[in-house]
Amino acid sequence: MSLNDWILALHLLSAVALIGAEVLFTIMVVSLWRSSDAPRIASTMPLARAGTVLVMIGITGTIVFGVWLAISLDRYQLWDGWIIAALVLWAIGGYTGQKAGEGYAAGGQRAAELTAQGTTSSPELAETFGASRAFWFHIATLLVVLLIVIDMIWKPGA
Amino acid sequence: MRPDSWNVPLLLHVAGAAVLFGAVAAAAVSTLAADRVAQPEFMRRLAFRSLLLVGLPAYIVMRVGAEWLYSKGFDELEDDPAWLSIGYIVADVGLLVFLLALVLAGVAMWKRNSGVAKAAGVLSILLLVAMIVAVWAMGAKPD
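Chains U and R, in that order, are what the protein sequence lines are.
Each step along the first sequence adds one to the number in my numbering, with nothing skipped, and position 87 is 87.
Each step along the second sequence adds one to the number in my numbering, with nothing skipped, and position 129 is 129.
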């Protein structure tokens, strides 16, 4: 096996971690849909932490190993259209994912505070875990990730 | 370069595998963390539903994509390359482990049994490790 084979394998593993994290977050979003139950929302925080670790691995690994591979392989160049598209989508996905994460993290933090105070329900939480700004940023992130996967497989113009 | 006719089955295979990874990761964390949170029953239900409603369909999509790709010339090879054999072993043995984890997660949810939930969580972790090996083999293609 060559170094390029290893870089490709690590790039793929990072992509699986990133998509896996988005799936994990989507499972959370669906299972907590419009929930006002503070202890329930606080209970899912271990999932949020695991998802965050996977996102960090995924977002760092895909860009580092992806760029390395584009430089290392003679048949691809960093300025190929499909690679530039992937880099732009990666940046957009990073932004929307961060915004979604901030919104849901604030909701989770509020749920933990309410649970500690003995409050079991809050309409404010139902709003955050419904069709909120964070939700739409999450949907945007899912679409961007799907576009990146399609771009990586079809490699338009390559 | 890969033929264009491989793209759709490859998309199904890759997307199915990645979604399966996310569903199994969600189940692993939910079952193993359930005892340390305010609503353990909710977490066990979440684990079971993740495996049943997300993981199982994702496995089917991943496998359909794999067989579709295999039919595009790999089935004519005299011997499967090592990376393909690793993929098949993980997919076949992994299905048994997945189904066992699914049943245990279901039992843990209905019986409210922490020990059974942990067993489902440990199997899910094993499955994640096997999937990491399979993804590495698909990328690095060891001879």
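Worth flagging that the hints you see were computed from the coordinates, not collected in a lab.
From a predicted model like this one, the values you see are computed outputs, not experimental measurements.
Note that the Cβ used here is the ideal one computed from N, Cα and C, for glycine as well.
Careful: at least some of the hints might be erroneous.
Listed below are the simulated BS3-like cross-link pairs for lysine-lysine, each with C-alpha atoms no more than 27 Å apart in a straight line [what the hints assert, rightly or not]:
1) R:K118 x R:K72
2) R:K118 x U:K155
3) U:K155 x R:K111
Quick partial rundown of chain R residues pointing at chain U, CB under 10 Å, derived from the structure [claimed, not checked]:
4) P3
5) I89
6) R112
7) V116
8) G139
Sample of chain U residues facing chain R (criterion: CB under 10 Å; computed from the structure) [stated by the list, open to error]:
9) M28
10) P39
11) M45
12) S72
13) K99
Here's how the hints hold up against the structure:
Under the criterion of a C-alpha separation no larger than 27 Å, the hint pairing R:K118 with R:K72 is inconsistent with the structure, at around 41 Å. Distance restraint check for R:K118 and U:K155: the Cα-Cα separation of roughly 42 Å exceeds the 27 Å cut-off, and the hinted pair is therefore not satisfied. Restraint check: the Cα-Cα separation between U:K155 and R:K111 comes to about 50 Å, which exceeds 27 Å; the hinted pair is violated. At a threshold of 10 Å, the smallest CB-CB gap from R:P3 to chain U is about 12 Å, leaving the interface hint violated.
This hint is violated: R:I89 has a C-beta 17 Å from the nearest C-beta of chain U, more than the 10 Å allowed. With 10 Å as the threshold, the beta carbon of R:R112 stays out of range of chain U, its nearest partner Cβ sitting at about 15 Å, so the hint is violated. This hint is violated: R:V116 has a C-beta 19 Å from the nearest C-beta of chain U, more than the 10 Å allowed. Residue-level restraint check for R:G139 holds (minimum Cβ-Cβ distance to chain U is 3 Å; threshold 10 Å).
Below 10 Å, beta-carbon pairs count as interface contacts, and U:M28 has one with chain R at about 8 Å; its hint therefore holds. Because the closest C-beta pair between U:P39 and chain R is about 4 Å apart, less than 10 Å, the hint holds. About 8 Å separates the beta-carbon of U:M45 from the nearest beta-carbon of chain R, less than 10 Å, and the hint is met. Hint on U:S72 is violated. Least Cβ distance to chain R is approximately 14 Å, over the 10 Å limit.
At about 20 Å, the closest approach between the beta carbon of U:K99 and any beta carbon in chain R exceeds 10 Å, and the interface hint on this residue is violated.
The structure shown violates the earlier hints numbered 1, 2, 3, 4, 5, 6, 7, 12, 13.
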